[in-house]
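Take the given structure of chain X and dock chain D to it, following the hints.
In order, the protein sequence lines correspond to chains X and D. The working numbering puts the first residue of the first sequence at -9, with every later residue one more than the last. The working numbering puts the first residue of the second sequence at 102, with every later residue one more than the last.
Hints are all accurate, no fakes.
Pairwise CB distance ranges (calculated):
hint	chain 1	residue 1	chain 2	residue 2	range
1	X	Phe4	D	Glu385	31 to 37 Å
2	D	Asp145	X	Ala125	55 to 61 Å
3	D	Lys123	X	Gln102	32 to 38 Å
4	X	Arg153	D	Val407	30 to 36 Å
5	X	Gly124	D	Asn112	54 to 60 Å
6	D	Asp350	X	Thr37	34 to 40 Å
7	D	Gly187	X	Arg153	31 to 37 Å
8	X	His26	D	Asp350	20 to 26 Å
9	D	Arg131	X	Asp71	41 to 47 Å
10	X	Asp134	D	Ser135	53 to 59 Å
11	D	Leu312	X	Met(-9)	35 to 41 Å
12	D	Leu424	X	Tyr152	31 to 37 Å
13	D	Pro156	X	Ala125	48 to 54 Å
Bear in mind the hints are in silico, worked out from the structure with no lab data behind them. From the three backbone atoms N, C-alpha and C, an ideal C-beta is built for every residue, glycine too.
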Amino acid sequence: MIELTSGEFNAQSFLDQYTSGSAEYEMLKKLNESTHTYKYPDLDELTFEIKMRRAIINASLDLYRARLSFRTFQDSKCNEDFWRRMSNGGFALKQGVKASDAINDIYRNTRQYGTECATAIVIVYYKAVLEVYGASLFDKAFTDIVLMNWQQMDELLSIATYRKLPDYIPGDCRYFRNPDVNPLTPEWQGENAIDMGNGKYYGHGIGISDANRIIAVLNQNRVADSTISAYLMDTATRPDFGSLYMYWKNS
Amino acid sequence: MSIVPMSLLDNVRLSNGSEYLKNYYSDLLRTNRSKALELINDQDIHFSTAYLLRPLLKQRSALDELNPLYQKAFEISEALSGKLSGQASLKAESQMRSAGECIVPALRWIVSTAEPEEGMDGKYEQLIDRCAAVLVRSLANTAMLPELASLIFARNRRGALIHELVWAFFEARSPESLVLLIQRLSSPHSADVKLAKDLLCFIPGISGNTLHSGSSLARFAFYWLQENRPFLYFTGESLHLCNKPMHYDVCKSARYLCRPVSVDSGKPLMRLNDDEEKLLAAFEKLPYNSQCYLADFSWQLYRRNVYQWRTWLVLPINEQAALAARWMGGFA
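The following block holds chain X by itself, in its conformation from the complex (with noise of 0.2 Å):
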């Protein structure tokens, strides 16, 4: 259930404000019907958390329909006006240049790109915010963007882990584990997936589809004789919207 300590919920006149099955309806009625307690001070930061966990699955959207390519570090590659290519294959970006307008080129000049998952993720993180932030606020909140899937991460964002949720959310990030992919292709040994709502994911290389879809694109990639099937971890992967909601707010 929901609960604000500002004072009563209403979560009725809240879900009418959203269209019965769309994405934000499925996570309001998840976050209200769990036997867990969501606490928040206020409306405001429910909203705001709502309206970025729409954006990420926008910017996944965005990103799978510009069709950016999948590479392994190795082959990594980006639009240099931009970014550095790093030695260890991520991205930095370049001194002088927008972080607006850097994380724009991905989705614009998407064919200079080509990157691994988790790096897609934090690609869709970082444009998610830039669509609730606008470009002022996102150029002063990010002036240094290393783009390695989860190294070197940005504070404001301060992305974690957890595991053994009570709930897993739309605009939540899951890990499809494959335990016995084949050693020379350790890039099948699992898929970060964003849950885009209505029982469908999306995954950088293998698109937007259900669970049980991933688990047979990853079962593809196992050693020869394997019997160990793929499977969804019970991890998700989230920012903190709490933080970016009060930079968002005090700014």
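Here is chain D on its own, set in the frame of chain X:
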């Protein structure tokens, strides 16, 4: 963290760079072939140096004159280099697995003398990653984990990609090998210490600890490992999943029952009897903090006095908790 001896050609490369080495060796192959072959067949030569000279050896039709170990290593590197996807990668992996023990010495030579990697390209690092992964995953060879750990930390100091090597290291599912990481907590290199802390973040109080010296953290980590070894299991988390994966976890219910678990599954190695199953069911219903507390108490009592432990364990769980609360002070 052993020191690996080096050959003359390794020293030429280290002192003068890769290009100088290639020119030097090319001239030597042309002017004094037998000396050139003697140098490349040096038992101490590093794979990284030999790898740089391979095109010259091929050009001069000298590959067949290498010793059998180095020939095998070059065959493997040929098979595992470049783009490997779909059926090609499956076939290559199957071939490596079926070759079994006869390719282990060559793979170990590649991984243990992969350094220095400075100046090598991403393709080379990918080849080394693949050789390490085949050794650990396909051939279940854990004897090379010390060399693999050295490679991980050396690469990390250069800021190069370590994800796949770290993945291979933990895929060995060898809690004993954690000692190799714990040792780095007292390294003079700050990058080693930071990486060791990150990789050992499943040990409470290690990650982000700046209060204690490296050696005291290492002592604590050794103690923790000894304490929890029978109950540790591999979670399957990796750097692909998150920034600080919890590679291992302690099975609290097993610690409570004092029954060791399989490192692969976290399930008890021996079948539990009916009484233990009932205890387990009651334990699982407890809040997380109570589980931690009871598990710690039970394991301590078991090691101190197994007869007392047996008497305690047959009590209802609320009585166990009450006694544990009363006795706990005596264990400090």
